[in-house]
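A.B. asks: Here are the chains, one letter per residue:
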Amino acid sequence: MNPHNISGPQVEEEFKKKATVVTIFVFTLLSILLFRLFVMQIIKGSYYEGLSQNNRLRIITVPAPRGKILDRSGIVLSDNRPAYNVMVMPEDVSNAHGIAAYLSGVLNMPLAEIEAAIVKAKSKPYDPLAIARDISFDQVAMIEARIFNLPGVSIEAIPEREYLYQDLASHVMGFIGEISQKQLEARSDEGYAPGDLIGKSGIELVCDDTLKGVKGMRIFEVDARGHRVRTIDERSAVEGTDVKLTIDQNLQAIAANALGTKAGAVVAMVPDTGEVLVMQSSPGFDPSIFTSSMTTEQWKGIMDDPRHPLENRALRGAYPPGSIMKIVVALAGIETGILNPHARVYCPGYYKIGRSVFKCWQAKGHGEMDLVDAITQSCDVYFYTQGRALGIENMARYASMVGLGAKTGIVLKDEATGLIPTKQWKRKRFGQPWHPGEDAITAIGQGYTLVTPLQVAKAMSAVVNGGKVYTPKILASGQPVLERDLNIPKSSLDSIKEGLRNAVEGDRGTARTVRDPAYSIGGKTGTAQVARGYVSKLPDEADITYKLRDHAWFFGFTPVDKPEIVVVALVEHGGHGGAIAGPIVRDVIKAYYLQKELSHEPVRQDIR
Amino acid sequence: MSRYAKISDNLDWGILTTTFLIICVGLLCVYSSTFGTGNSIFIKQLLWICIGSLFLILAFAVDYRTLMYSAWPLYGITVLFLLLVFIIGREISGAKRWIIFGPFRMQPSELAKIFVIVWMAYWGEKRRHIQIYSFRDLLFPGVVVFIPIFLILAEPDLGTAGIVTFIAVAMFLMLGIKRSTIISLGVLCASVMPFLWILLKDYQKKRILTFVDPASDPLGSGYHAIQSKIAVGSGGLFGKGFLHGTQTQLKFLPEHHTDFIFSVVAEEWGFLGGTVLLFLYLLLITKIISVGLKAKDRFGALLCFGIASYFTLHVFINMAMAIGIFPVVGVPLPFISYGGSFMMINMICIGLVLNVAWRRFIF
Chain A
4 MNPHNISGPQ VEEEFKKKAT VVTIFVFTLL SILLFRLFVM QIIKGSYYEG LSQNNRLRII
64 TVPAPRGKIL DRSGIVLSDN RPAYNVMVMP EDVSNAHGIA AYLSGVLNMP LAEIEAAIVK
124 AKSKPYDPLA IARDISFDQV AMIEARIFNL PGVSIEAIPE REYLYQDLAS HVMGFIGEIS
184 QKQLEARSDE GYAPGDLIGK SGIELVCDDT LKGVKGMRIF EVDARGHRVR TIDERSAVEG
244 TDVKLTIDQN LQAIAANALG TKAGAVVAMV PDTGEVLVMQ SSPGFDPSIF TSSMTTEQWK
304 GIMDDPRHPL ENRALRGAYP PGSIMKIVVA LAGIETGILN PHARVYCPGY YKIGRSVFKC
364 WQAKGHGEMD LVDAITQSCD VYFYTQGRAL GIENMARYAS MVGLGAKTGI VLKDEATGLI
424 PTKQWKRKRF GQPWHPGEDA ITAIGQGYTL VTPLQVAKAM SAVVNGGKVY TPKILASGQP
484 VLERDLNIPK SSLDSIKEGL RNAVEGDRGT ARTVRDPAYS IGGKTGTAQV ARGYVSKLPD
544 EADITYKLRD HAWFFGFTPV DKPEIVVVAL VEHGGHGGAI AGPIVRDVIK AYYLQKELSH
604 EPVRQDIR
Chain H
-5 MSRYAKISDN LDWGILTTTF LIICVGLLCV YSSTFGTGNS IFIKQLLWIC IGSLFLILAF
55 AVDYRTLMYS AWPLYGITVL FLLLVFIIGR EISGAKRWII FGPFRMQPSE LAKIFVIVWM
115 AYWGEKRRHI QIYSFRDLLF PGVVVFIPIF LILAEPDLGT AGIVTFIAVA MFLMLGIKRS
175 TIISLGVLCA SVMPFLWILL KDYQKKRILT FVDPASDPLG SGYHAIQSKI AVGSGGLFGK
235 GFLHGTQTQL KFLPEHHTDF IFSVVAEEWG FLGGTVLLFL YLLLITKIIS VGLKAKDRFG
295 ALLCFGIASY FTLHVFINMA MAIGIFPVVG VPLPFISYGG SFMMINMICI GLVLNVAWRR
355 FIF
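Here the protein sequences come in this chain order: A and H. Just so it is clear: in the first sequence, position 199 is 202 by our numbering, and no numbers are missing. Just so it is clear: in the second sequence, position 227 is 221 by our numbering, and no numbers are missing.
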């Protein structure tokens, strides 16, 4: 060790004065503590002694009513109603048998069960125990009448979540349930306690902080028998803030009705803002049953249902896009300059790449096609050709740009990503190179591509509004989020829209099922093959078992010139798009206009 | 060989004895506060004390000046661990404070307390020609110390960040700062305060507000405060006796083996017990300061002053919280609160002080 030139005495000299000050400071700090201890323990000792001796301070939390969930016009979708629970404070119970005997008569529950529960709860004497939840008014009256003879028993009125339209938009609403151990650990500083209800999915989860409100509490003193002597402090619960959605309850109901018992999803969106007007997934569920009193059978029934009613198909269901992909291919072709909208392609009914033959859905062929014709008649050969010319990388780029194959960014949780294949992806996934034939089938929306109905709504909104890609928005508050603007030139946009309009209104259009002479509607069908190559060999569609039947897509928008609403419907195993999914879209569009007329707003009619 | 023969002669037995007595009080309290829940916490605490003692011996055995030469690497390790918390840290109650190594977990912010002391002592030694620090002299060490503080703030761990800040301030004051600089920095801090308030998380704001008005949240941190006060107050002059503290035994008081352990002392041993414990701490801290004064170099002296400020802050804040004159912050009581890494740090601190005391006789 090298010697130091400051030796002990010098250090002492330097610090002596400061050290004295510090010592005095420490002494003062500790003296403050001592003084305070003296005051608390000696002078006010008997006061605290009293408080502690019969520590009869009871704290009762009063749960806060959750905020309501409203639709865009203020219609209440989710509210609270009072539910009455029978609570027992084990410490205050002197005669468990007597209490159990009375309660069993009123509640129609086995005496032994109640008594056993109370006795068991004695190990945690200050944790209130719920004997029965959500009892009837009569039962409340019968217990309240005898409450003085039932020390330790109380009736607690708590707000119970109620969903006014049962399974309407149930996936958007989500549900609430008791806080889990994990959530409790993660959020213990926010005032959560075991048994608290917390949003578990949907808006209830996402907006939990807004909706939950502030718990109230009552601190009161009780006597030796458990009766309240006086209230020491009271703070009433503060109701949570309401959350307003962009959902239109009326259109949502129409969509739900049109979907009926079919498994599928409907999404409607305002193309100029990304506001989601409809998000319905079927089959649904009634969120109310999750709140408190769900039985094991109910839970099992939901979990074991092969049609997965808890799954939000609009957000979580990933399907091949079918012919809806053709619109993206058209966009990519025009934007890259590879596709000339007016150039004609001859469709003989098939398309050859090397020795492989790709069929058009129209076996006898469409003949000469330009872009408008090809969209109108959904000509496969035209798009095989364009897909080959563009190549997968161009198609993938534009698909991603309009929001396909990626989370849309909506606030709801657990969105599916979907998939847009690329050469690199295929090499990584299968260790194989990309085949030219895969360009062709990708261009008509078969193959590896997977998209969700919400992604389709987002992408199609961007196409029909001229290239503005908006993040889907479901909360009424906040501004629309513009992700990017492709600035599609008017001439290109017109060709695509013209094709979409003709698909509905033209004699050879594939989307004629949504035609309504009163309105200007554009649209496109899509049929997503489930078992590739297999289905077409079967002679009759009716023979195809449900599971192997194609998924039916339909996307429609209206009015064509200045679109106000985009509607996307998907029916799982629905067969051909136009026949099954089309009418759903038509119903929503009609309801949209009807609603506008009722609200005395002039409906914009296209003049052709 | 001859100089090691005198270990026992030159050892500061006073500090060692005081520490031992405080540890004994702590063990009794941990035993009492976890009584009836199985002995596992008590046994673990015993184990930590044993391991801690080994660290104490280690911190004593190696010449403390070795630390001076490794001040920068130790500082680097601290910052590295603090950064690591953000990457692999375990999130508990919305804050990332822990790193998990298999069965062990550690709080890097605890390391920061000791290594900031070491670094500052090193800096004081290295720049021993500066007797009075001006604003310019403060700039570099100020930034160096601020980095770990900032990282701890970001975890967020307001309590620990505050303690490290106060330790650093105390050590700067020991080094000597120009009066004008003190005044201007004081004004600066006061003007920055309102902005810091905006940066606080909601629950942190709530805790401070709860302190101002305990009734505003009687279920959360207010509940702790109320129950702790009842426990302390009801202890009276002689206390309710070992294992007879009703507040503690009936589980009215949460976290009574960690942050609120002083209320166990006060409830079960009364004003007398509390006074004895306060006296023991006062003894320990003043002894550490006097070791610092007699140190043979500036590094050793500053090390001791830093450690003294560390113990003072912990003792004061923890007790003040238990008796309701300070907001509820997670600051444990040295040698008494349950906790492994905390016990370890405390033992190392005592080891270092003994080291400084012992080596002043060796040249």
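Just so you know, these hints were derived from the structure itself, not from any lab. Warning: the hint list may mix true and false statements.
Said to hold, decoys possible - In silico lysine-lysine, DSSO-like type, Cα no more than 30 angstroms apart, as pairs:
{"#": "1", "chain 1": "H", "residue 1": "K199", "chain 2": "A", "residue 2": "K247"}
{"#": "2", "chain 1": "H", "residue 1": "K120", "chain 2": "A", "residue 2": "K218"}
{"#": "3", "chain 1": "A", "residue 1": "K265", "chain 2": "A", "residue 2": "K593"}
{"#": "4", "chain 1": "A", "residue 1": "K71", "chain 2": "A", "residue 2": "K426"}
{"#": "5", "chain 1": "A", "residue 1": "K265", "chain 2": "A", "residue 2": "K599"}
{"#": "6", "chain 1": "H", "residue 1": "K199", "chain 2": "A", "residue 2": "K218"}
Said to hold, decoys possible - Going by beta-carbon spacing under 8 angstroms, a handful of chain A positions derived as facing chain H:
{"#": "7", "residue": "T26"}
{"#": "8", "residue": "I27"}
{"#": "9", "residue": "L33"}
{"#": "10", "residue": "F38"}
{"#": "11", "residue": "Y105"}
{"#": "12", "residue": "L114"}
Note that the Cβ used here is the ideal one computed from N, Cα and C, for glycine as well.
A.B. asks: All the hints need checking, so say for each whether the structure fits it.
C.D. replies: Each hint tested on the structure:
With a CA separation close to 29 angstroms, the supplied pair H/K199 and A/K247 stays within the 30 angstroms bound. Of the pairs offered as hints, the one joining H/K120 and A/K218 is violated, with about 56 angstroms between alpha carbons and a cut-off of 30 angstroms exceeded. For the hint pairing A/K265 with A/K593, the CA-to-CA distance comes to about 20 angstroms; that is within 30 angstroms, so the pair holds. Of the supplied pair hints, the one linking A/K71 and A/K426 is violated, its CA atoms being roughly 48 angstroms apart against a limit of 30 angstroms.
Between A/K265 and A/K599 the CA atoms are separated by roughly 28 angstroms; this keeps the pair inside 30 angstroms, and the hint holds. Annotation: proposed proximity of H/K199 to A/K218 holds, straight-line Cα distance about 18 angstroms (limit 30 angstroms). Annotation: A/T26 was flagged as interfacial toward chain H, and the flag holds, the nearest CB pair being 6 angstroms apart, inside 8 angstroms. Nearest Cβ of chain H to the Cβ of A/I27: about 10 angstroms, over the 8 angstroms cut. The hint is violated.
Given the 8 angstroms rule on beta carbons, the hint for A/L33 holds: about 5 angstroms separates it from the nearest Cβ of chain H. For A/F38, the shortest C-beta to C-beta distance to chain H is roughly 10 angstroms, which exceeds 8 angstroms, and the interface hint is violated. With a least beta-carbon distance of about 29 angstroms to chain H, the hint placing A/Y105 at the interface is violated under the 8 angstroms criterion. At a threshold of 8 angstroms, the smallest CB-CB gap from A/L114 to chain H is about 30 angstroms, leaving the interface hint violated.
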